[in-house]
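J.: Dock chain S against chain A, hints included.
Here the protein sequences come in this chain order: A and S. The numbers in our numbering rise by one with no breaks, and the one at position 89 of the first sequence is 89. The numbers in our numbering rise by one with no breaks, and the one at position 159 of the second sequence is 159.
Please keep in mind that the hints were generated in silico from the structure rather than gathered at the bench. Glycine is no exception: its CB is placed at the ideal position from the N, C-alpha and C atoms. Wrong hints could be hidden among the right ones.
Here are some chain A residues the structure puts well away from chain S; computed CB gaps all over 12 angstroms [what the hints assert, rightly or not]:
id, residue
1, A111
2, Y121
3, I359
4, L483
5, K502
6, V524
Derived DSSO-like pairs (lysine-lysine); straight-line CA-CA distance at most 27 angstroms [unchecked claim]:
id, chain 1, residue 1, chain 2, residue 2
7, S, K186, A, K231
8, S, K186, A, K417
9, A, K425, S, K186
What follows is a set of in silico ranges between Cβ atoms, one per label pair, in the way DEER data are often shown [said to hold, decoys possible]:
id, chain 1, residue 1, chain 2, residue 2, range
10, S, G80, A, F463, 28 to 36 angstroms
11, A, T318, S, P59, 38 to 46 angstroms
12, A, G240, S, I42, 57 to 65 angstroms
13, A, E459, S, T204, 25 to 33 angstroms
14, S, I35, A, T11, 36 to 44 angstroms
15, A, W348, S, N20, 19 to 27 angstroms
16, S, V27, A, F463, 41 to 49 angstroms
17, S, P116, A, L239, 29 to 37 angstroms
18, S, I24, A, T526, 52 to 60 angstroms
19, A, R185, S, V46, 25 to 33 angstroms
20, A, W65, S, A39, 39 to 47 angstroms
21, A, W193, S, A254, 57 to 65 angstroms
22, S, A36, A, P189, 52 to 60 angstroms
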Amino acid sequence: MIEEAVDRPPTKTYLNAEVGIWSWLLTTDHKRIGILYTISITFFFFLGGFFALLMRLELVQPRNWLVSAETYNKLFSMHGIIMVWFFLIPSIPNTLGNFVLPMAVGAKDLAFPKLNLASWYVFMLGAAVTIYAIFRGGVDTGWTFYTPFSTASSTTYVTAAAMGIFINGFSSIMTGINFIATVHRMRAPGLTWYKLPIFVWSHYATSMIFVLATPVLAVTLLMVAVERIFKVGIFDPALGGDPVLFQHLFWFYSHPAVYIMVLPAMAVVSEIVPTFSRKPLFGYKAVCWASIGLATLGFLVWGHHMFVAGMSVYSAMTFSLFSYFVAIPSAIKVFNWTATMHRGAVSWDTPMLYAIGFIGLFTIGGMTGLFLAAIGLDVHVTDTYFVIAHFHYIMVGGTVMAFLGGVHYWWPKISGKLYPEALAKLSALTVFLGFNLTFFPQFVLGYLGMPRRYAAYPEEFQFLNILSTAGASILGVGYILPLVYLLWSWKYGRDAGPNPWKSTGLEWQTSSPPPKHNFEKTPVVTTTVPYPYEEMKEELGLVQTR
Amino acid sequence: MMTRLRFWPDSASSVSGEVNFFFIFMVVLCTSVAIAIAAFLIYCAVRYRRKHENEMGRPVRYIYSVEIAWTVIPFFFFMGMFAWGAKLYFDIERPPDNAITMYAVGKQWMWKVQHPGGQREINELHLPIGRPVKLVMISQDVIHSFYVPAFRTKQDALPGRYTSTWFEATTPGKYHLFCAEYCGAKHSGMIGWIYAMTPGDYQTWLTEGAPEGSLASQGEKYFHQFGCANCHHFEGQGRAPNLRDLYGRRIEVAGGGNVLADESYIRESILNPNAKVAYGFEPNVMPNFTGQLDEQQVLALVSYIKALGPQPGTQEPSSPGTAPKEYGQEKGIAGPGASSISGSHVGAR
Chain A
1 MIEEAVDRPP TKTYLNAEVG IWSWLLTTDH KRIGILYTIS ITFFFFLGGF FALLMRLELV
61 QPRNWLVSAE TYNKLFSMHG IIMVWFFLIP SIPNTLGNFV LPMAVGAKDL AFPKLNLASW
121 YVFMLGAAVT IYAIFRGGVD TGWTFYTPFS TASSTTYVTA AAMGIFINGF SSIMTGINFI
181 ATVHRMRAPG LTWYKLPIFV WSHYATSMIF VLATPVLAVT LLMVAVERIF KVGIFDPALG
241 GDPVLFQHLF WFYSHPAVYI MVLPAMAVVS EIVPTFSRKP LFGYKAVCWA SIGLATLGFL
301 VWGHHMFVAG MSVYSAMTFS LFSYFVAIPS AIKVFNWTAT MHRGAVSWDT PMLYAIGFIG
361 LFTIGGMTGL FLAAIGLDVH VTDTYFVIAH FHYIMVGGTV MAFLGGVHYW WPKISGKLYP
421 EALAKLSALT VFLGFNLTFF PQFVLGYLGM PRRYAAYPEE FQFLNILSTA GASILGVGYI
481 LPLVYLLWSW KYGRDAGPNP WKSTGLEWQT SSPPPKHNFE KTPVVTTTVP YPYEEMKEEL
541 GLVQTR
Chain S
1 MMTRLRFWPD SASSVSGEVN FFFIFMVVLC TSVAIAIAAF LIYCAVRYRR KHENEMGRPV
61 RYIYSVEIAW TVIPFFFFMG MFAWGAKLYF DIERPPDNAI TMYAVGKQWM WKVQHPGGQR
121 EINELHLPIG RPVKLVMISQ DVIHSFYVPA FRTKQDALPG RYTSTWFEAT TPGKYHLFCA
181 EYCGAKHSGM IGWIYAMTPG DYQTWLTEGA PEGSLASQGE KYFHQFGCAN CHHFEGQGRA
241 PNLRDLYGRR IEVAGGGNVL ADESYIRESI LNPNAKVAYG FEPNVMPNFT GQLDEQQVLA
301 LVSYIKALGP QPGTQEPSSP GTAPKEYGQE KGIAGPGASS ISGSHVGAR
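This is chain A alone, in the form it adopts within the complex (with noise of 0.2 angstroms):
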C-alpha cells in the first residue's frame, strides 16, 4: 500500500489540476464528474424537498386551505418524479459511486471516463425536459403514471415529464456499463473479487439492475407518450388495451429500482460500521452475496405492488412468498453490520451516527415491508399511509441518511477540509429525530385507513398530520444544516490529511484532496483480506488494546 506525507496539504490535487469554468463542464475526471453530479442532485433534493414542504403545509388543515386539490396533485406527482429520479437514483451511485469506486478498486478512472462524461449530459437533459413540465404546468398523474387516467384522463404535461424520465434512464445506463466494466478490467494488481471492499460489491449489483431494469421503464414510458399522442390502444381498455398491464410493466422497473436507491446505502454503511469500528466488516461473503442476492431476487417481487388491483388468488401468494425472500438478504446485511461493532474500537464520529440511524431506521423499514407482504394485511393498507411511512423509512430514512453518512465520510477525500464535528452531530440528531416524527404517526394513520394521495380528509386524522407536518419542518432544518457547514469547512475547514479515519480502503491510501490521476503510482495489494486491520496495523499507527 502507498503511504503519502501527512503533513502537508498536496500542491496538485485534481481540484486545481486544471482550472475554469470549460475545465469542469468538458473534464472526463469521475471526480469531477462526482462532483458535477452532486451539485445536481444537491438541487434537486430541495427542490423535490420544497414541494413535500408545501403537501405537509396544506395538511396541516383536513380542507383545502393552502392549495387547490388539483395543485396538490401536481405537487406529490412532481415531488415524487424529482426525488426518485433526478435524486434518489443517482443519489450515491453518481455521486459517491463515482467518485470512490475507481479509487477503491486502485483504477486512475472509470473503464469509459467520456461516457461518464455523457452520462451527466444526457442527465441534464432529461431533467431540462422534466422541469420544463413542470414550470409549463406540471403533471398531476403521480410518479407512477398509471393508466388509462396517464394516458386519456389528465389534461396535464404527461408526455414532457415521461420523456424526461425516458432520457434521464439512458444516463443510469451508461453508469451502470461503466461501473460494471470498471469492476471487471480495472481492479488493481492484487486487488482479488473477494478482497473489494462491499461498497464495490454493492455498486456492481446495482449496475446489474441500472442495465437490466431501465430499459423496460423506458419502453412502458414510451408506450404512455404513443397512446397519449397517437391513441394507439395499449393500456386504455376503451382503446381496447389493458390498463392492468401498464402496472406489470412499470413495477417490473420500479420494484428492482428500490433496490437501486437502496444497495448503494447498504455499500455505503458497509465501509462506514468497519472503519469506524476498527473491524473487518463480520460476515464479508455473506454480505457479497447478499447484494447478488437482493438485485436478482427484487426481480421477482414486481405484483406485490398490485395485490388488489385484480391479481388471482395464486399470482398474489407466489408474489407474497418471493417477497418473503427477499427480505432474507436484507436481514443477513442488518445482523452482519451489527455484529461488526461487537467487539471493536467504536467511535462516535458523525459518519458512524448516520450509519447506526440507518441501520435503526432500515430495521423499521424492512420491518414493515413483512406487513405488507402478507397479503391479507396488505389489502388493508395498500394505498394507505402505511406504505408512505414504509417506503420513506427505506428510501429517507434508509437512504437519504446513508447519502449524508457517505458525504461526512469522505468529505475530507473530497475537499481535503474536516467539517465542524459538534455542528455535524447536531444535525444528524436533529435529522434523526425529525424524520421519525414525521413519519412514525403516517403509520399510524394508514392502519387507520387513511388513503394516500388526498387533498383534504376525514377531520378524524388531523392530530396525526399535524405531527407529521411538525416533524418535517424538523427535519428541513436539519437537511439545510450541512448544505451551509459543509460549503464553509471547503474554504475555512483545516486540513484533513490523506487518512483522517485511518481506514484501510485503498482511496485513503491516497492524498487528499487526490491528484488528477487517484495514485502517483499504481498501487499493488499485497494484503489477502477485505478490510485488512490486522495486517495494516503498523501502516495506520493502530494498537491493540483490549
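T.: Just chain S now, kept in the frame of chain A:
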C-alpha cells in the same frame, strides 16, 4: 362522533377481527426484534466506545453457525407470516355462496351502487349486518379503488373488466368509504359512507327506496329496447343462443375450448360479441354494443341474464357437451382453462 381523535380504526366486518389480531401479532413480534437490535447497537456503541485515538477492534473469528442461525430462523418466521397472510387473503377474497350480489360503478368522482332490488345510491351503500355482500364493480373511466377501512377490504375498480370483493358487516354503524386509487382532481372527494343496518332497518330502508323496478327488470326492459329478444329466444334455439340458465355454466366456444359464463363473459359478449362465440353459432350476427351502452345499462342486462332460470319444466342443461354448473368456480378456484380462455377476471381472481 367521527371527529374525535383516533388511533385505532373501527372494526365492523367478519374479517376485521382476524386482521387486527394478525396486525397486533406482527407489531409485537417486529417491535421485540427491533428493540433487541437497537439495544445491541447501543450496547456495542457504549461498551466498545473507542478509548483513545489509535485503538483498533479485536480481531474476531467468523462463526458460520451464527450466520446460518440468523439466516434460517428469520426464514421460518417469514414463512409463518406468509402462510397466515395467504390464509387471511383467501378469507377476504372469496365470497360465501349465500352472498347478496350488489353492483358498483366508479366514475370520476363518485361511486354509483345498485342493489339487486333496483335501489340506486350515490356515494352511499346501505347493507344489512350478518349477511355477506358480494360487490361486483367496474369503472367507467380510470382506475378507482373501493376501500372500507372498517371492513379491512379494498378492491380496485378497473375500466373494461369486472372485479369483485365481499364483506359481511357485523356492527351497525356509519363507516368511511374511500377511493384508494388516485383518479384525478377530486380523488380526495370521491368518498362516501357505508351504513351497516340491522336486517329490520335494512328492510325498511329498501321499501322506502321506491325503486323503478329491480335491477333485473330494468335489464329486461333494455333487453327488449335494444332488440336482444329478436334473436335470443327463450324457447328452443334461434339465430342466437338461448340465454336461459346460462350464468355459471361452462359453454363451448367456436374454435375449441370452453369458457365459464360469469359476469365478465356476459359483459364481453354484449359489448364485443365476436370475442368468444358460442359453439354452433355464426359470428357477425350480433351488433357490437361498445359505446352504445353505459356500464350501468350493461350491469342491468347482466343482472337480468343472471336471473333467467332454467326453461320451465326442464331441469337438465339444454345444450349438450357442457359441464355441469360449478358454483365453486365463481371465485378463486377457476381451472386453468377458464382463466386463460375467458380472461374472465371475476372468475379468475
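J.: Look at each hint and say if it fits the structure.
T.: Tested hints:
A cut-off of 12 angstroms between C-beta atoms confirms that A/A111 is not in contact with chain S; the least separation is 33 angstroms. The beta carbon of A/Y121 is kept farther than 12 angstroms from every beta carbon of chain S, the shortest such distance being approximately 34 angstroms. Under the 12 angstroms C-beta cut-off, the non-interface status given to A/I359 relative to chain S is violated; the minimum distance is some 6 angstroms. Distance to chain S confirms A/L483 as a non-interface residue, since its nearest Cβ pair spans about 27 angstroms, more than 12 angstroms.
With a minimum CB-CB distance of about 8 angstroms to chain S, A/K502 fails to clear the 12 angstroms threshold, and the non-interface call is violated. At roughly 24 angstroms from the closest C-beta of chain S, the C-beta of A/V524 stays outside 12 angstroms, upholding its exclusion from the interface. A hinted pair counts as satisfied when its Cα atoms are at most 27 angstroms apart, and S/K186 with A/K231 qualifies at roughly 25 angstroms. Pair hint S/K186 plus A/K417 does not hold up; C-alpha atoms about 52 angstroms apart against a cutoff of 27 angstroms.
The straight-line distance between the Cα atoms of A/K425 and S/K186 is roughly 44 angstroms, outside the 27 angstroms bound, and the hint therefore fails. As the Cβ distance of S/G80 to A/F463 is approximately 35 angstroms, the hint placing it in 28 to 36 angstroms holds. Restraint check, A/T318 to S/P59: a C-beta distance of roughly 44 angstroms satisfies the suggested window 38 to 46 angstroms. Restraint check, A/G240 to S/I42: a C-beta distance of roughly 59 angstroms satisfies the suggested window 57 to 65 angstroms.
Our hint of 25 to 33 angstroms for A/E459 and S/T204 holds, since their Cβ atoms are close to 30 angstroms apart. Between S/I35 and A/T11 the C-beta distance comes to about 52 angstroms, which lies outside the given range of 36 to 44 angstroms. Between A/W348 and S/N20 the beta carbon distance is about 41 angstroms. The supplied range of 19 to 27 angstroms is therefore violated. The hint said 41 to 49 angstroms for the Cβ distance between S/V27 and A/F463, and at roughly 20 angstroms that hint is violated.
Between S/P116 and A/L239 the Cβ separation comes to about 33 angstroms, which falls inside the hinted range of 29 to 37 angstroms. Separation of S/I24 from A/T526 is about 56 angstroms and conforms to the stated range, judged on CB atoms against 52 to 60 angstroms. A/R185 and S/V46 have their C-beta atoms about 45 angstroms apart, which leaves the hinted 25 to 33 angstroms range violated. In this structure the hint that A/W65 and S/A39 lie 39 to 47 angstroms apart at CB holds, the actual value being about 43 angstroms.
The given range of 57 to 65 angstroms is respected by A/W193 and S/A254, whose C-beta atoms sit roughly 60 angstroms from each other. The hint said 52 to 60 angstroms for the Cβ distance between S/A36 and A/P189, and at roughly 44 angstroms that hint is violated.
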